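*Asks:* Each chain, letter by letter, is given below.
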Amino acid sequence: MNATRAERTASALILTGLFAIVTAAGVAWATSQEPPASGFVWKDGAEVYAKVCAFCHEAKVGPTIRGRGLDPAYIRFVVRHGNRAMPAFRTAEIDDESLAEVAEYVSK
Amino acid sequence: MASKFIALPKGVSEKSFTAAIGEFRRIVGQDSVLVTAEQLAPYIKTMMPVSDADHTPSASLLATTVEQIQKIVRICNKYKVPIWMISTGRNFGYGSAAPAERGQVVLDLKRMNRILEVDPDLCFALVEPGVTYKQLYDYIQEHKYPLWLSCPAPSAIAGPTGNTLDRGVGYTPYGEHFLFACGMEVVLANGEVLRTGMGSLPKSNTWQVFKWGYGPYLDGIFTQSNYGIVTKFGFWLMPAPPAFKPFVIQYEQEDDIVEIVETIRPLRISGVIPNAVVIAHALYEAPTKARRSDYMTGPGTITDEAVRRIMKDHKLGAWNVYAALYGTQEQIDVNWKIVTEAFGKSGKAKILTDQEAGDDPAFQYRAALMRGDMTLKEFSLYNWRGGGGSMWFAPVSQARGSETLKQMAMTKRILGKYGLDYSGEFIVGMRDMHHIVDVLYDRTDPAVVKAAYQCFDELLTEFSNEGYGTYRVNTAFMDKVAHTYGPVQRHVHKTLKKALDPNGILAPGKSGIR
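Taken in order, these protein sequences are the chains called A and B.
With our numbering applied, the first sequence corresponds to residues 1 to 108, in that order.
With our numbering applied, the second sequence corresponds to residues 109 to 622, in that order.
Don't read these hints as lab results, they were simulated from the structure.
All figures in this text were calculated on a predicted structure; none of them were measured in a lab.
Please note that the accuracy of each hint is not assured.
Lysine-lysine pairs mimicking DSBU-like chemistry, simulated, CA-CA at most 30 angstroms apart [what the hints assert, rightly or not]:
hint	chain 1	residue 1	chain 2	residue 2
1	A	Lys60	B	Lys520
2	B	Lys252	B	Lys242
3	A	Lys60	B	Lys353
4	A	Lys51	B	Lys353
5	B	Lys423	A	Lys60
6	A	Lys108	B	Lys397
7	B	Lys514	A	Lys60
8	A	Lys43	B	Lys242
9	B	Lys423	B	Lys458
10	B	Lys242	A	Lys60
11	A	Lys51	B	Lys420
12	A	Lys43	B	Lys252
13	A	Lys60	B	Lys188
14	A	Lys60	B	Lys397
15	B	Lys319	A	Lys108
16	B	Lys520	A	Lys51
17	A	Lys51	B	Lys112
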């Protein structure tokens with residue numbers, strides 16, 4: 001199993017603490033902004049769909065997939081393995097939790 | 109007994125690899141070391157005409173910090189385990205997220221995705237390697253910064269670090285991306301952290317504004333290379349212009365490319381047209397609005413007659429020149445006069461603007477790319493032949509009409525020999541052109557896969573015989589292209605490799621360097 005979203009955020013905060021120690025040790029660069037504590041995390045399945053899937057599946061590049069009652073398990077499989085020209089998406093890009101959410105979102 | 113791994117690094121025993129995996133897990137956590145076939149499936153899918161087995165990784169490490177990466181390279185040195193670094197892993201047509209050689213461990217940096225700084229006054233950004241163009245685009249929109257990105261065609265899911273490190277291009281005035289890179293942080297094979305340029309100076313605030321630093325300029329050796337792991341990347345952003353005027357100029361005949369290039373070159377060099385202009389063949393644009401099967405069925409190259417019908421039915425030129433003007437309305441008006449006069453001389457050019465072509469899907473996505481907006485419409489190319497096969501053939505040409513005509517004819521002849529279509533374009537640099545051809549083929553048909561491989565091999569051979577070098581290539585052909593640049597360059601590359609990475613742990617095989 002992969003880390004949940006909350007676990008990843010927590011680990012990012014811990015690691016940010018480490019980063020602060022390292023920068024205090026003298027390898028800092030001067031910035032006008034404080035670097036963010038953690039990286040990007042998907043909010044929900046709708047966001048994944050809008051920011052990834054829709055660029056092909058709502059633009060007549062890939063087939064329409066929403067509203068067709070596609071099986072969420074099938075969607076999860078295609079996302080991880082790709083299908084012909086459709087690329088595969090890694091857990092590093094779309095974590096398992098977000099993938100389950102986007103699969104549900106698409107299937108409805 | 110069957111191995112518990114789906115692949116092993118070359119020369120590393122299962123026992124050693126098991127020990128290395130155990131140490132990796134202690135560094136990044138149990139869940140961030142992927143080894144099963146199911147976990148690694150997304151890394152294996154490529155678009156190349158070679159067996160997936162040739163590029164199957166043994167594991168993937170999802171690192172999130174510089175400190176983790178420093179520890180990872182120490183373990184790699186200890187066990188002689190090679191790692192293949194990816195940022196967003198979206199190098200489609202060049203190898204995607206798969207390693208160059210079977211058994212390499214992918215170091216996946218996608219989760220290092222913090223936008224560290226965007227300066228709206230000095231117009232620069234500093235990001236981690238996993239940041240996508242879409243993520244940065246949204247950040248700029250949310251902060252209402254008047255800044256534009258320059259993206260390659262897979263903009264939404266690719267990212268600035270990986271694209272620039274592979275010396276990719278975009279379509280705005282900042283389209284030659286590495287020209288606008290400014291400062292990198294690099295974890296070296298020995299675990300040291302180098303900040304290039306002004307970044308080496310403690311407390312410096314000029315890391316992202318002055319490229320050269322002091323002493324030999326180092327950033328270049330970390331592009332298309334395997335000398336270090338880039339963990340922070342700085343680059344310049346374009347101030348949003350007050351006005352923007354995209355346009356397309358269509359020509360009816362293939363040999364009109366001579367006139368096009370001779371007309372464009374002085375406009376591009378002088379800066380009248382400031383962006384990376386694209387001269388796209390009809391077959392590069394057709395997939396956005398036509399289906400090949402409506403014009404051609406059965407095996408073999410599409411006929412010139414069918415191409416002419418597509419042009420007529422879908423309002424395409426044999427060549428379609430996409431360019432834009434940027435600045436104040438007054439500046440645009442002056443430059444528009446210069447452009448229209450230059451292209452109007454022969455009477456062959458048909459000039460269309462947003463007014464006439466704004467509803468056209470090809471024009472829309474080209475206009476989006478020229479202002480750094482997010483689109484994946486160019487992926488329509490993959491529907492042309494179907495079957496998921498794609499390799500970018502990318503020779504460099506002088507920006508001289510006779511040269512472009514010669515390259516186009518050579519490419520078309522060789523593709524035709526193997527039943528493939530010429531889906532080509534020229535991206536106009538300052539004095540060069542990136543001749544970009546999507547070698548599209550059905551990857552589900554073994555005979556076609558074999559032909560595509562032979563075709564690509566012949567393209568590389570014939571072009572290098574004519575003195576034409578390739579600027580970038582997929583992982584199946586990196587050795588071959590490295591060979592075309594001669595023994596002295598390879599020797600220098602190898603010397604640097606030995607000095608910086610004596611155990612050869614970083615991406616062996618990248619650009620033919622081991």
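*Asks:* Decide if the proposed pair is consistent with the structure: Lys108/A and Lys397/B, CA atoms, cutoff 30 angstroms inclusive.
*Replies:* Holds. Lys108/A to Lys397/B sits at ~29 angstroms (cutoff 30 angstroms).
*Asks:* Given the proposed pairing of Lys51/A with Lys420/B, does the C-alpha separation stay at or below 30 angstroms?
*Replies:* Answer violated: Lys51/A to Lys420/B is near 35 angstroms, above 30 angstroms.
*Asks:* When you check the alpha-carbon spacing of Lys43/A and Lys242/B, does it fall within 30 angstroms?
*Replies:* Given pair Lys43/A, Lys242/B holds - Cα atoms ~15 angstroms apart, limit 30 angstroms.
*Asks:* Between the alpha carbons of Lys43/A and Lys252/B, is the straight-line distance 30 angstroms or under?
*Replies:* holds, 21 angstroms
*Asks:* With the threshold set at 30 angstroms, check whether the alpha-carbon distance from Lys423/B to Lys458/B stays at or below it.
*Replies:* holds, 11 angstroms
*Asks:* For the pair supplied as a hint, Lys514/B and Lys60/A, confirm whether the alpha-carbon distance does not exceed 30 angstroms.
*Replies:* It is violated: about 35 angstroms lies between the C-alpha atoms, which goes past 30 angstroms.
*Asks:* Take a quick look at whether Lys60/A and Lys353/B sit within 30 angstroms of each other, Cα to Cα.
*Replies:* holds, 26 angstroms
*Asks:* Can the restraint linking Lys252/B and Lys242/B be considered satisfied, given a maximum Cα separation of 30 angstroms?
*Replies:* holds, 15 angstroms
*Asks:* Given the hinted pair Lys51/A and Lys353/B, is their alpha-carbon gap at most 30 angstroms?
*Replies:* holds, 27 angstroms
*Asks:* With a cut-off of 30 angstroms on the C-alpha distance, tell me whether Lys60/A and Lys520/B pass.
*Replies:* holds, 28 angstroms
*Asks:* Holds or violated: Lys520/B with Lys51/A, Cα cutoff 30 angstroms?
*Replies:* violated, 37 angstroms
*Asks:* Is it true that the CA of Lys60/A sits at most 30 angstroms from the CA of Lys188/B?
*Replies:* violated, 47 angstroms
Consistency note: the structure conflicts with the earlier hints numbered 7, 11, 13, 15, 16 and 17.
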